[in-house]
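Go by the hints and put chain L onto chain D.
There are 2 protein chains.
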Amino acid sequence: MAKGKSNTATLKQRDHKTISKLVQLADDVARKALAGREPKLDIPTRTKSNTLWNKKRGILEMGSATAERELFNLNQAKQFMQTMLHASTIKDLVEAGKTASLRGVFYKAKHTVAGTRENTFDTQDESDPILEDLEVALGSLREELHIFAENRGAMVGNITVVDKGDEIDCRRMGSGGYAMPSIVEPDVIQFKKCEAKFVLHVEKGTVWNRFNEDRFWEKNNCVLTHGSGQPPRGCRRLLQRLNQELGLPIICLLDCDPWGHYIYSVIKQGSISLAFESTRLAIPEARFLGIRAKDYKECGLPEAVKIDLTENDVKRAKEILAYPWFEDNRAWQKEIQGLLNNGFKMEVESLIAKDISYVTEEYVPQRLKAKDWLD
Amino acid sequence: MAKGKSNTATLKQRDHKTISKLVQLADDVARKALAGREPKLDIPTRTKSNTLWNKKRGILEMGSATAERELFNLNQAKQFMQTMLHASTIKDLVEAGKTASLRGVFYKAKHTVAGTRENTFDTQDESDPILEDLEVALGSLREELHIFAENRGAMVGNITVVDKGDEIDCRRMGSGGYAMPSIVEPDVIQFKKCEAKFVLHVEKGTVWNRFNEDRFWEKNNCVLTHGSGQPPRGCRRLLQRLNQELGLPIICLLDCDPWGHYIYSVIKQGSISLAFESTRLAIPEARFLGIRAKDYKECGLPEAVKIDLTENDVKRAKEILAYPWFEDNRAWQKEIQGLLNNGFKMEVESLIAKDISYVTEEYVPQRLKAKDWLD
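Chains as they are written, first to last, in our numbering: chain D, 403 to 777; chain L, 403 to 777.
The shape of chain D in the complex, shown without the other chains:
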């Protein structure tokens, strides 16, 4: 199979690059040590203060601040050792052509340091940030380091994808759908035939079921995805690839509450904690179709859809209102203010109170036709 071969070739090329970066990192430490100088690493800083809003590109970016991680520093020696340990595990993984979970990598590195009672790692909470440090220090995606997270989300619609050489026709995936993997880089997933004109991304699997059952993707020629709430990296990356490589608009149907607005914000601009990944995750063109604060009146929704905002909701809404990318955006200022003025939130699932298929047969098609969405 020509396809199989070319996958392997791509994989090897990417992996060689990762390995050479790892070797360079280690060589640098060794060189310093052998020269009698202190081994240290430069780790880019992943904090809010080092996160910049790039208005022109419409994404969050990591600034240029870095912090030194020194071996001869009581506060940093443990983290230095942890970083080197994980770098070594990753090299093993990449060389073996295998992947491991975040938890797996933690276990791989966890042990008692010989001759002491000190553990390399005590909990996974210590381990995950070190892996992110390595991502930014090496300039490699977690996926390129062969590390995956829990799989979440599913996909159906007018597209065929190739996943590790297997051709998956998302038009013929029944009620279950294709489970989106955690690693969706081009060497694993390729796009084949795609008639779809856009992607409808919904928040939850239960909403996705309604749209799939009503064969919305067939009637509206689209791809239908969900991310089980806050979409994981694999889901966000796949949406971005569908947007960038196939030019499909990403249209989000999320709850009318601060959580829904936050999910949209992360899909669109990226997040502070993963700002170094925005280039490969954020989708500045993503659109927010609903649920909108105006819908209660405009759609004549019944009282049943209202859920009172909690104090925490109000606090969160105000925080989101002040995000620089929403602050600049009059439509979004109005939207979030509308939510606060309403005093209640609304979930996509509540539209069932009007009719079982109101959301798939009227609400979404009408909004799409009217191009009535927030950018």
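Since no wrong hints were added, every one of them can be taken at face value.
When chains are identical, the list treats them as one kind, so a pair holds in a single copy or across two.
The calculated lysine to aspartate or glutamate pairs, modelled on EDC-like cross-linking and capped at a C-alpha distance of 16 Å, are: (1) Lys-500 - Asp-616; (2) Lys-708 - Glu-520; (3) Lys-566 - Glu-615; (4) Lys-756 - Asp-494; (5) Lys-566 - Asp-616; (6) Lys-708 - Asp-524; (7) Lys-500 - Glu-615; (8) Lys-566 - Glu-620; (9) Lys-500 - Asp-757; (10) Lys-493 - Asp-429; (11) Lys-500 - Glu-763; (12) Lys-493 - Asp-757; (13) Lys-493 - Glu-546; (14) Lys-599 - Glu-647; (15) Lys-500 - Asp-417; (16) Lys-434 - Glu-472; (17) Lys-457 - Asp-730.
Derived by calculation from the structure, the hints in this document are not laboratory data.
In this text, all values refer to a predicted model and were calculated from it rather than measured experimentally.
Chain L only, in chain D's frame:
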């Protein structure tokens, strides 16, 4: 397509049965009212005291106790009304040939009672138990009432399934897999060609990824499933159908901790809250392959795999030790006692500390060959 037709036929037959049960329930209430008698319903009791351990069948069963739900009783009038409301929503769903989520059904029924300030339902916590009441009162599965929960879990392996007429070759599902739907009844999912000799069910998606990446299911001719932790009803039902209809042994690979033991217990015997469903969910033949308390020594596992038992773990382990189905079982008494004696738990993912693919290439194949499992 003959296949499509026969699906529809099955669906209709099952749905007619459900509708006639719903009509009978309503007729009975109406008849009593018209005869000047008090409308009431008999609802089987879903409590621990009405749950029986059927040793011969190896499953938990619901006893015969029922409670009356009366309209003219201040404590029961609201629940009576809620039961009738949900019954009506379900009739609409079944007649429309559509399904709804638990949350959707809640929204469908939620409204302010005309002329009062009283809501039919305030939260979903009130709604879900009423749906379970209806399941037991009607003797119909939730799936037969056209209600689904969040989808969870994935499947790959040497089997082809037909899902709503779409043929899904689980041998060609790439790294993502087939996302298991919430409703997997025979009118939705049928089994076609299956070479697999057993099902390996693992706890988490991350472990499933390791087995899928190593193509364990291909090398060992099996089906590979996970349920994202405690498997949801859809996953349990699919496993039971694979066991009963295709005769495949269900072999579970779970963590060596009270949570892993509890998951196994639920897969095997059913749960107290869903005892009325055991006939359609429990798999008395399910086997527990590992992780075993003896593994630390037997497999020469490194110190890293140990996680100290918490006080709560010890409490839970002792509770599980006293379950009648474990109380009778010497091997399980020894196993749980072994966990308590160890004083630590072990996760499947920790086996990576020995080697990346130790679990897929050595641990599981060796145990399978030696038939070294707990029944």
